[in-house]
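Work out the full structure, taking the sequences as your base and the hints as a guide.
Listed below are the residues making up each chain.
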Amino acid sequence: MSREKFISIVSTAVPLPMENVDTDQIIPARFLKATSREGFGDNLFRDWRYDSNNQPKPDFVLNNPKYSGEILVGGKNFGSGSSREHAAWAIYDHGFKVVVSSFFADIFKNNALNNGLLPIQIGEDELEQIFDTINRDNRAQFEVNLAAQELRILSTGKAISFDINPYKKECMLNGYDDIDYLLNLKLEIEAFEVSHR
Amino acid sequence: MSKTLFDKIWDSHVVKHIANGPDVLYIDKHLVHEVTSPQAFAGLEKRGIKVSRPQNTIATADHNVPTIDQHLPIKDQLSKFQVDKLTEYCEKFGVTLYGLNHPYQGIVHVIGPQLGHTQPGMTIVCGDSHTSTHGAFGAIAFGIGTSEVEMVLATQCIMQPKPKRMKISVDGDLTSGVTAKDVVLYIISKVSTSGGTGYFIEFTGSAIRSLSMEGRMTVCNMSIEMGARGGMIAPDEKTFAYLKGKEFAPQGDDFNKAVENWRQLHTEPDALFDKEYNFDAADIEPMITYGTNPGMGVKITGRIPSIGEVKDSERNSLEQSLTYMGFQAEDELIGKSVDYVFVGSCTNGRIEDLREVARAVKGKRKADNITAWIVPGSKQVEEQANKEGITKILEEAGFKLRQPGCSACLAMNEDKIPAGKYAVSTSNRNFEGRQGPGARTMLASPLTAAAVAISGKIVDPRDVVGL
Ligand code: SF4
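Protein chains in written order, with the working numbering: chain A, 295 to 491; chain B, 110 to 576.
Simulated from the structure, these hints should not be mistaken for lab results. Any given hint could turn out to be false.
Stated by the list, open to error - Once the Cα atoms are required to be at most 30 Å apart in a straight line, the calculated DSS-like pairs of lysine-lysine come out as:
#1 Lys351(A) with Lys530(B)
#2 Lys125(B) with Lys463(A)
#3 Lys391(A) with Lys155(B)
#4 Lys327(A) with Lys159(B)
#5 Lys463(A) with Lys155(B)
#6 Lys327(A) with Lys530(B)
#7 Lys327(A) with Lys509(B)
#8 Lys189(B) with Lys201(B)
#9 Lys360(A) with Lys299(A)
#10 Lys271(B) with Lys463(A)
#11 Lys327(A) with Lys201(B)
#12 Lys370(A) with Lys384(B)
#13 Lys509(B) with Lys408(B)
#14 Lys273(B) with Lys370(A)
#15 Lys480(A) with Lys155(B)
#16 Lys355(B) with Lys366(B)
#17 Lys194(B) with Lys480(A)
#18 Lys480(A) with Lys299(A)
#19 Lys299(A) with Lys159(B)
#20 Lys370(A) with Lys463(A)
#21 Lys463(A) with Lys159(B)
#22 Lys184(B) with Lys327(A)
#23 Lys420(B) with Lys445(B)
#24 Lys391(A) with Lys271(B)
#25 Lys273(B) with Lys480(A)
#26 Lys501(B) with Lys355(B)
#27 Lys299(A) with Lys155(B)
#28 Lys271(B) with Lys299(A)
#29 Lys370(A) with Lys299(A)
#30 Lys370(A) with Lys299(B)
#31 Lys475(B) with Lys408(B)
#32 Lys327(A) with Lys189(B)
#33 Lys366(B) with Lys353(B)
#34 Lys125(B) with Lys299(A)
#35 Lys159(B) with Lys480(A)
#36 Lys463(A) with Lys299(A)
#37 Lys530(B) with Lys473(B)
#38 Lys159(B) with Lys194(B)
#39 Lys391(A) with Lys273(B)
#40 Lys125(B) with Lys480(A)
Computed from a predicted model, the values in this text were never measured in an experiment.
Dropping the structure here:
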């Protein structure tokens, strides 16, 4: 079952300059009760986005009409905490295709990659530049080119390169799915089991 | 090259190494619960395939279940739907389920070890980050996302890049009143919540060895709070003694043979780690957290740091977390008033934890301002607590034991700490809203939680309970 292919995007970005944005913030546990993958975007950052009467909090960035786009830019150690893939689903379901940070929690990164959400890890200084750029102009455009492994600030032309595991890159570019790959290893897995016993 | 414990187990489970890519890792045991698995089972249905090794897969309902009146139908319709879905899928795919009211039901990381499913040398995964708990037995155990749950259900394998190796040694003798929970909160406060990212930790040293199996589980449980993929402790005589006679552990001659193999599971003396930390047990005191991540911990007699004391990049988080918690920088922790005490979770919901609380509160009464929830980690823990008279001691002290589940650890069921209220909790995460929207969590050991319950405020447990 293939996924959507990720080639490149040009978009404005939404800044969330906070460190240690954890999975309980991204999607609080009480919203994990659905048994499908869709619809979690409505509760993305629920407790930062809505007050206890379910009214949008005007000062939270997702409620601010100035900011929009397919790129979410977060502070250091983004996605720490639980293994809930719902966090990646919620961000993707809300319409983001890319999350940028100077550091990602491991499980979150895997989950994102498994769901067509591209985590881009860049240096702290570069992250500051991105926040500055958005600060100065909330309509500033960024280009993400996965094949070239480049994040470009279009107004200045500055290109920031990023790492990605070559296997995962292939998967994202082609919309491949790990399960298809593993299912094709059936004989090797069975042979392993015989020797493993 | 000489191997670490981690390398030995990892390398022997690699089915295939993908050049420039992750390893295809074989999984010995897959634990499943109701919240992160339905979408994975649905994925199998869509592909029209079976669970590849149902005999290596164990399921339970824990995250979402009520902790009172478990014999009645679940009231919350969404929770009920999730638990029903799990039941339906387990039946359809032939997976053993310890569902609600089953004598083996409980928090997935409590029941695995208790039943002997968790064994040295295994690879163990579960769609829950605290799967690291099982590392206490010298296993490679880590949490995975739902796509990965689907991979394991479909093929018994997972694609994983191999983490780096970290060694954390704690040597010397722990002083009285200092428990496994304090040790791990101390370590996290030093390593930080992201210091372990990319690593798999081996905990060693005489202080770690001195811990019981349950204490070791508490330590490994929280390795994820440093960002690590998991944590592990080499198996020893304590490990073997714990497993002997457990229902799903090898029996008789098979057990002796297994022990022979398990004895090989240790790091070779000249094996190298990518990073090492050494701590002195004598420096560790009872700990408590003041902020909104598990790295924000101090000794209970200490103060909240001043804004100037922390790194520039951490100032914002500190300020934000103090606002959330309603605390001031440089405040003393001792004397702060508390509303709730929660004893439970896969970190501290085992029988030794309940024994410790019972011993501490025996013959005393809880303070009037405290609502205390004591939630055993499993049916077997509950039964044992009844048998040992713990339930009675707690009742006489004004506490009540609830029924097993994750409960207020993540507040998916009704067990939520109300907004603005302070909870001293033996669980593992103090994130904003973790225990309910607006709830203010302070993480501590069961001993400290018991002392707080009696005093009604933050106290040094060494001053309150006879040690
Ligand atoms: S007790 Fe808490 S941490 Fe443990 S499995 Fe349940 S929700 Fe996760």
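Now for the hints, and whether the structure bears them out:
no., hint, result
1, Lys351(A) with Lys530(B), "22 Å, holds"
2, Lys125(B) with Lys463(A), "19 Å, holds"
3, Lys391(A) with Lys155(B), "25 Å, holds"
4, Lys327(A) with Lys159(B), "24 Å, holds"
5, Lys463(A) with Lys155(B), "25 Å, holds"
6, Lys327(A) with Lys530(B), "25 Å, holds"
7, Lys327(A) with Lys509(B), "28 Å, holds"
8, Lys189(B) with Lys201(B), "18 Å, holds"
9, Lys360(A) with Lys299(A), "29 Å, holds"
10, Lys271(B) with Lys463(A), "17 Å, holds"
11, Lys327(A) with Lys201(B), "21 Å, holds"
12, Lys370(A) with Lys384(B), "21 Å, holds"
13, Lys509(B) with Lys408(B), "29 Å, holds"
14, Lys273(B) with Lys370(A), "20 Å, holds"
15, Lys480(A) with Lys155(B), "19 Å, holds"
16, Lys355(B) with Lys366(B), "16 Å, holds"
17, Lys194(B) with Lys480(A), "28 Å, holds"
18, Lys480(A) with Lys299(A), "26 Å, holds"
19, Lys299(A) with Lys159(B), "27 Å, holds"
20, Lys370(A) with Lys463(A), "23 Å, holds"
21, Lys463(A) with Lys159(B), "29 Å, holds"
22, Lys184(B) with Lys327(A), "14 Å, holds"
23, Lys420(B) with Lys445(B), "26 Å, holds"
24, Lys391(A) with Lys271(B), "26 Å, holds"
25, Lys273(B) with Lys480(A), "28 Å, holds"
26, Lys501(B) with Lys355(B), "27 Å, holds"
27, Lys299(A) with Lys155(B), "20 Å, holds"
28, Lys271(B) with Lys299(A), "26 Å, holds"
29, Lys370(A) with Lys299(A), "27 Å, holds"
30, Lys370(A) with Lys299(B), "18 Å, holds"
31, Lys475(B) with Lys408(B), "23 Å, holds"
32, Lys327(A) with Lys189(B), "9 Å, holds"
33, Lys366(B) with Lys353(B), "12 Å, holds"
34, Lys125(B) with Lys299(A), "26 Å, holds"
35, Lys159(B) with Lys480(A), "13 Å, holds"
36, Lys463(A) with Lys299(A), "11 Å, holds"
37, Lys530(B) with Lys473(B), "24 Å, holds"
38, Lys159(B) with Lys194(B), "16 Å, holds"
39, Lys391(A) with Lys273(B), "29 Å, holds"
40, Lys125(B) with Lys480(A), "12 Å, holds"
Consistency note: the structure conflicts with none of the earlier hints.
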